[in-house]
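Now for the letters of each chain:
Number of protein chains: 2
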Amino acid sequence: MDTMTKKQSAAQSLWQQAARTKRDSVNSLIPEAWRLPSIPSSNDQKDVTGIYIWQFLSAKEIEITETDACGIVSRTSSGAWKAREVAEAFSHRAALAHQLTNCLHEIFFDAALDEAQAQDDYFAMHKRPIGPLHGLPVSLKDQFHVKGVETTMGYVGWIGTFEGRRGSGNELIYESEMVRELRSLGAILYCKTSVPHTLMAGETVNNIIGYTWNPKNRLLSAGGSSGGEGALIGLKGSPVGFGTDIGGSIRIPAAFNGLYGLRPSAGRLPYEGMANSMDGQNSVLSVVGPLATSVASLKLLVKSLLSQEPWLHDPLVLELPWRDTSDLSQSQLTFGILKDDGVVRPHPPVIRAIDMVVDAIKRAGHQVIEWSPPSHTEGTRLVDEIYVLDGGHDVHSAFRLSGEIIADQVAAMYGKEPVAEKSASSIAAINVKKRNYQRKYLEYWNSTSGMTGTGRPVDAFIMPVAPFAAARPKLYNYYGYSTIINILDYATCTVPVTLVDKDIDKSDANYEPRNKVDEIAWRSCEITNHLSLDWLPLTINNCL
Amino acid sequence: MDTMTKKQSAAQSLWQQAARTKRDSVNSLIPEAWRLPSIPSSNDQKDVTGIYIWQFLSAKEIEITETDACGIVSRTSSGAWKAREVAEAFSHRAALAHQLTNCLHEIFFDAALDEAQAQDDYFAMHKRPIGPLHGLPVSLKDQFHVKGVETTMGYVGWIGTFEGRRGSGNELIYESEMVRELRSLGAILYCKTSVPHTLMAGETVNNIIGYTWNPKNRLLSAGGSSGGEGALIGLKGSPVGFGTDIGGSIRIPAAFNGLYGLRPSAGRLPYEGMANSMDGQNSVLSVVGPLATSVASLKLLVKSLLSQEPWLHDPLVLELPWRDTSDLSQSQLTFGILKDDGVVRPHPPVIRAIDMVVDAIKRAGHQVIEWSPPSHTEGTRLVDEIYVLDGGHDVHSAFRLSGEIIADQVAAMYGKEPVAEKSASSIAAINVKKRNYQRKYLEYWNSTSGMTGTGRPVDAFIMPVAPFAAARPKLYNYYGYSTIINILDYATCTVPVTLVDKDIDKSDANYEPRNKVDEIAWRSCEITNHLSLDWLPLTINNCL
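From first to last, the protein sequence lines stand for chains A and B. Residue numbering for the first sequence follows the numbering used here, starting at 113 and increasing by one per position. Residue numbering for the second sequence follows the numbering used here, starting at 113 and increasing by one per position.
Keep in mind the hints are simulated off the structure, nothing from the lab. Each hint should be verified, as a subset may be incorrect.
Same chains, same names: a pair is fine if it fits in one copy or spans any two.
[Said to hold, decoys possible] Straight line, CA to CA, 25 angstroms or less: simulated DSS-like cross-link-like pairs of lysine-lysine:
{"hint": "1", "residue 1": "K259", "residue 2": "K552"}
{"hint": "2", "residue 1": "K259", "residue 2": "K545"}
{"hint": "3", "residue 1": "K415", "residue 2": "K239"}
{"hint": "4", "residue 1": "K586", "residue 2": "K628"}
{"hint": "5", "residue 1": "K552", "residue 2": "K451"}
{"hint": "6", "residue 1": "K194", "residue 2": "K239"}
{"hint": "7", "residue 1": "K528", "residue 2": "K118"}
{"hint": "8", "residue 1": "K618", "residue 2": "K158"}
{"hint": "9", "residue 1": "K451", "residue 2": "K614"}
Make the full structure from the sequences, and use the hints.
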């Protein structure tokens, strides 16, 4: 070994040791009684959902954890269930989920049980719930700051720091604005979930927890970047959680795990005081939103948060209280359908799921038209440029803190070293192109009013979240189906449709790929998992 | 003369000739009958408002042009006044105003009269107005594109082009989104008003029309950058017009000319399709808003525009219909009062105006508290950085098209040559600082709820627009009173209060200036003009 190699090797063992210590310290917070005697290999036990995980839970724990957020709140608010038993059941199931999929970054079950006990005491004394989310466990992506625990965002260099800085005075005490609001609503916070370091990948992988596996098929990705949320809620170790989305990071894990996921437009929910990558990049903003097992849960959480008037505490949130759109509920609706964006053809089960949705819409008395918008490639190229405006400066600074290796899924976008940054003029030019693209898309949307017969343009459009039901590790090579929504900044909701069926969803062996990207996506075609579709809101900027 | 000097001299005469040709061509559009036989010098005739300008108008023209926008619309909508006579009266008065103050960049009286005649024909046939602004003349800052006329934004190099580009196909036919909306509401467009080249000054000066003088005192500035609007509406050559504001450009000319001016928050009114400087710079956005002779006129225009659902055509406009805030009208209100920002002491008449406002508030049964927010200097330094993110690249490109000389008021910010641009990382860091400053200010505002006794925080705060009643040419050296609102992005309205009174508003000869900037502002103290105050909205982001 020459000197350089020795130094590198020493540094490597340092960050590996730091990562291992952190991993061990988190895992040590799982009570002995909740530890699995052994973890089956992915090949031996692909699917760990349902019956498989139930074997480790009591009947009462299963009943509680199979209930959605609305059902939980109705029971805790009436006193039928104690906040503490709910917190304990979800903590137990989350602990199991983590052992099976690597979905947690931080565990604070003890604080949650104390908080739940305090709520039970409050309820016993006042005979009323503490707030609209009384006793509801809520999981959080590891960008939220919560007192008593760290935020690493998957970076080894952030261990023991506040967002990579030491001695800021914020360590272990600072809380993000939404955390304050959730507590004030009565939510019980008990764990933070895993992310890919940088947040900029559709898979979840980092040097602290490794790879977050899909609980329905542990050979596949749980999605990313809110992949820990996806796996955890997919395994019902949480009824509802919050992720963030700058390119699909709420929708992808929601889709891959058969969940409902809401990506609101920017400025709707409070991001204030959260850790982030490229903080201050404001050409395309990351937004925060919920993932859950039912649509009603999404509504409960968003409506509750807006009741806190977040615009008084987060300067980027608009003063927009919850708006009911029930005036549309009696109308005939028209949906635009985009089955294929022309770049990468979705896999057969995704196409089949779209067809199922079209049938369902028609059966319900609504109508569909083909969605033929301006080229999505023009929009997705812009958003790809925006992700690297700083040439990777920010994320490489975070990597350099520890010298850790960079996951291939992240290096695909940011390389091994930073490159030249974009200038103010170049950024302004991109912002103008974005605005012009948004305007063109809006004009297309307006133009559909002549085709619907309702006097309104299309009420919403529907398209896949990804070209596949779930990604195979390192084979997520095309994000156009999700990133297009980030450049447009439309509110969007992911809705699960069906499961893949090996007997129906046959791959077309004679398919001629359109291009290199399409070819790789086609080759990754495997009969897999849940299917989900991206469902856009009923009116532009008006889904809430 | 050496070769270089000869070349420079030839280039100079070329741009001077182009500017003169443009100026002459605009002036030639003033009908012979409306030309003043001679223009009095500023020293001979400082004040050209009221009685002075009336001498050139008929009694009917005076009656029409002294009526505010609401009064005009009520008469045109009932058929009491013809759209054509209204258009003609304002065209005449605008022509006079231009000759006295240099307030116009484009004249299209003929198109306006044709449009007004068509509206009269429509009214005669259908017995109803064409829209809520039937027959209302509306003036536009020279950033709006209107078919049939150019947009130079004061740049000699933009003459004969579309935003500096030749052969774009947009020349003389493209219209900005708000122009389309105003036409569809029934407004009559008849002139575009002067701006400082670049738009980045509180005075209005360029090589095409020269300097826009204050009609109340033609030795003083009409303000900027919507200075043409200020002078024109101040002289009642327009009942209402639209300006833009990135640092005070609606509020300053409104204040210097005794007008009401509304600077909404970003995303409220459509900027789509307008010319701009540094287009795509999105750290602090320029916003568009009305200036008028009454508060009711501002409301009429904004409410009418929002009825057009601009969010369906401008991707930066939020889906926010007009909101009535009449629920506050019966309450006791609390106003924060900031008389002096601690950097530059306002001149005596400005202080007196604030005191008058405080008295009026108390007499009306409301209350005031001292407004002691986080340091304004911290905020105004950020916005000063944001104006030059591109190092002047954009504005110098526009200057280079013709080689024209740069006005001193503009060179003060952008120098004679561009400098290095800021990088993506630096811009992101500034955006984070801005957000943190906004949050700190919001927290201060929230904190006042303990001091009001109403259960609400302060409903609005009041401060000067500028340290003086109107600026003396080249002596506008401190913008902190207006730019602070742009970094905060609060909706704000300028309200005229009183006139300077030489007998009362004595300068303090013993004043010890606090700093160099304060000293220059103090030295410029002269008993001058209108006084106006910046009146912030009744609730944050909720003035409309």
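Taking the hints in turn, this is what the structure says about them:
1. Proximity of K259 and K552 under a CA criterion of 25 angstroms is satisfied inter-copy only: 21 angstroms between copies versus 45 angstroms inside one chain copy.
2. Taking identical chains as interchangeable, the C-alpha atoms of K259 and K545 lie at most 25 angstroms apart only when they sit on different chains, with a minimum of 24 angstroms there against 41 angstroms within one chain.
3. In this homomeric assembly, K415 and K239 come within 25 angstroms of each other (Cα to Cα) only inside a single copy, at 24 angstroms, whereas the closest approach across copies is 47 angstroms.
4. Taking the closest pair of Cα atoms, K586 and K628 come within 25 angstroms of each other only inside a single copy of the chain (16 angstroms); across copies the shortest separation is 61 angstroms, beyond that limit.
5. In the homo-oligomer, the alpha carbons of K552 and K451 lie at most 25 angstroms apart inside one protomer (20 angstroms), although the nearest pairing across protomers, at 47 angstroms, exceeds that limit.
6. For the identical chains of this complex, K194 and K239 are intra-copy neighbours only, at 12 angstroms inside a copy versus 69 angstroms across copies, given an alpha-carbon limit of 25 angstroms.
7. For the identical chains of this complex, K528 and K118 are intra-copy neighbours only, at 20 angstroms inside a copy versus 54 angstroms across copies, given an alpha-carbon limit of 25 angstroms.
8. In this assembly of identical chains, K618 and K158 lie within 25 angstroms of each other by CA distance solely inside one copy; the values are 21 angstroms within and 86 angstroms between copies.
9. Proximity of K451 to K614 under the C-alpha cut-off of 25 angstroms is restricted to the intra-copy arrangement: shortest distance 21 angstroms within a copy versus 74 angstroms between copies.
Of the numbered hints given earlier, the model fails none.
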